[in-house]
Amino acid sequence: MTYKIVSSQCTACSACEPECPNVAIYEKDGTFVINPKKCTECIGYFDDPQCVAVCPVDNTCVIDTSYPRYQAA
Amino acid sequence: MLEEIQTEQLEEVMQQIAEHKGCGTSSEGGKASCGSSSAPEDMAPEVWEKVKNHPCYSEEAHHHYARMHVAVAPACNIQCNYCNRKYDCANESRPGVVSEKLTPEQASKKVLAVASTIPQMTVLGIAGPGDPLANPEKTFKTFELISKTAPDIKLCLSTNGLALPDHVDTIASFNVDHVTITVNMVDPEIGQHIYPWIFWNHKRVTGIEAARILTERQMQGLEMLTERGILCKVNSVMIPGINDKHLVEVNRAVKSRGAFLHNIMPLISAPEHGTVFGLNGQRGPTAQELKALQDECEGEMNMMRHCRQCRADAVGLLGEDRSAEFTTEKIMEMEVEYNAEGRKAYQEQVEKERQATVAAKQAEIADLEAEYSDVKILIAVATKGHGRVNEHFGHAQEFQVYELSTEGSKFVGHRRVDLYCQGGYGEEDALPTVIRAINDCVAVFVAKIGGCPKDELKAAGIDPVDKYAHEFIEQSAVKYFKEYLAKIKSGEIVHVNRGDADIRQGAYIAA
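Line order of the protein sequences matches chains A and B. Numbering of the first sequence is given in our numbering, commencing with residue -19 and proceeding in unit increments. Numbering of the second sequence is given in our numbering, commencing with residue 11 and proceeding in unit increments.
No lab work stands behind these hints: they were computed from the structure. The beta carbon of each residue, even a glycine, is placed where N, CA and C say it ideally should be. Hints may contain errors.
Using 20 angstroms as the maximum straight-line C-alpha spacing, the simulated EDC-like pairs for lysine to aspartate or glutamate come out as follows [stated by the list, open to error]:
hint	chain 1	residue 1	chain 2	residue 2
1	B	K464	A	D27
2	B	K213	A	D9
3	B	K362	B	D377
4	B	K489	B	E361
5	B	K362	A	E(-3)
6	B	K213	A	E7
7	B	K265	B	D197
8	B	K213	A	D38
9	B	K151	A	D38
If you want the footprint, here are the derived chain A segments under chain B, 3+ residues with CB under 8 angstroms [stated by the list, open to error]:
hint	stretch
10	-15 to -6
11	33 to 39
Not everything, but these chain A residues come out facing chain B in the computed CB check (under 8 angstroms) [unchecked claim]:
hint	residue
12	Q30
13	D44
14	Y47
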């Protein structure tokens, strides 16, 4: 799986963008989005997913269940 | 303040201010005194030189000089219970709120456009809407662009302090000579009730641990700024029942580390803001609670009392937001020609005006020294600026409040009010709001006032005074106070304590 950003909740504050170790986050149409192909749920980098930890609005960066769970190589 | 200096020193200091050469010598152990209307009697000349044209540091300067904030820093690294980043409304005025964020390039163009249109614009601040130092690249890129094209504009920033120690050297390299740190506590036990979490070393840290890290970083950052000679102001939000008594300790802690000015602001908290404090019913302080705390801290250090708690994208003189004239769309179409000469000429004119204001006040105070009385009164003033009583009662969006005693006059704050008069017709239900906001004042000075509100003010025990229309505020206030004392002596009036007043909490349009 990967994380996704609930766009209706996103304040476009950009705090998550520089924290992402995979450079998976970018701005699109006024909010931020996560590229599911790049997101590793921060596995291999940090104990906590960085976008979740830094986001000022709770339940905005959430697991996208439409993708399989990320497997570290 | 005035009471602490001898008469002969006072004269000397006033002379120095008039000449704008500086203001006294010793700063050790004394308190800096910009941010109040009194003479900066113990401020080092180099400090005065830095702050005299800064509307956010000098109460006197804010009548004449304008500032702007550019919203280039949306990200934040901490969460505060008085802030909700989801809420953003153009009719809302409080820190952390903006209508649009800018890129550093747009911000730079905006600054030049505004500075060319408003010659009073002397200061550019980056205050968010998040934390400037949680967006270091955007913040410093903006400073770089502006310092190249408009080197006469002073740069400042306002931070929560968490990332400050990492950036002090960069701040110094951009010649940023003013930094504001928001310090709401120096005790993590108290801090845990204000800050639910911080983002620190790639983790979300909560509770006492979060507050402990934050206060350590704030104090370290403050010490580092002081070592480098960068002026530092401390902002504190007064939250009754949480940190109101503790702020005296905060005041001592920041003073001992070299902060030169302390700005204690009332909590803005209403359910519609969607903040934790707004939703859990945490109240803000009353006007007298705020003043009492400011007075208590003033013995330790100078207090700033004219803060308008403006938006992170405000433009113009404090209390007169012109940001709507400078939207990104409008700026990009503007032909900007930076007129350094014109700006200089304007600013020289302002200096003359300021000197006249100070001189008028001094002349009036001179024979007050012979009087002695422990009577203190507050008066509210409707003003558009220039240090004069020049606003109609019904048009005033705020009233400035001065305290009068035999020590002289002192600016002690301002009260925001609803726009009472809309298009020439007083709205009847708005008047009680105005009265509640200035209820602790004996009189209200106005340029003009209608018969109806005049009678209602009198009924509420507030003297409506229009005889000082277009006169200097402080000179008139001292005159009024002399008459007031004379009336007490003759038995014409009896002096009574006026009680308390409200601090407005809701949305505030156009400022």
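Numbered hints the structure breaks, given as an ascending list: Hints 1, 2, 3, 4, 5, 6, 9, 13 and 14 are the ones this structure does not satisfy, whereas the remaining hints hold.
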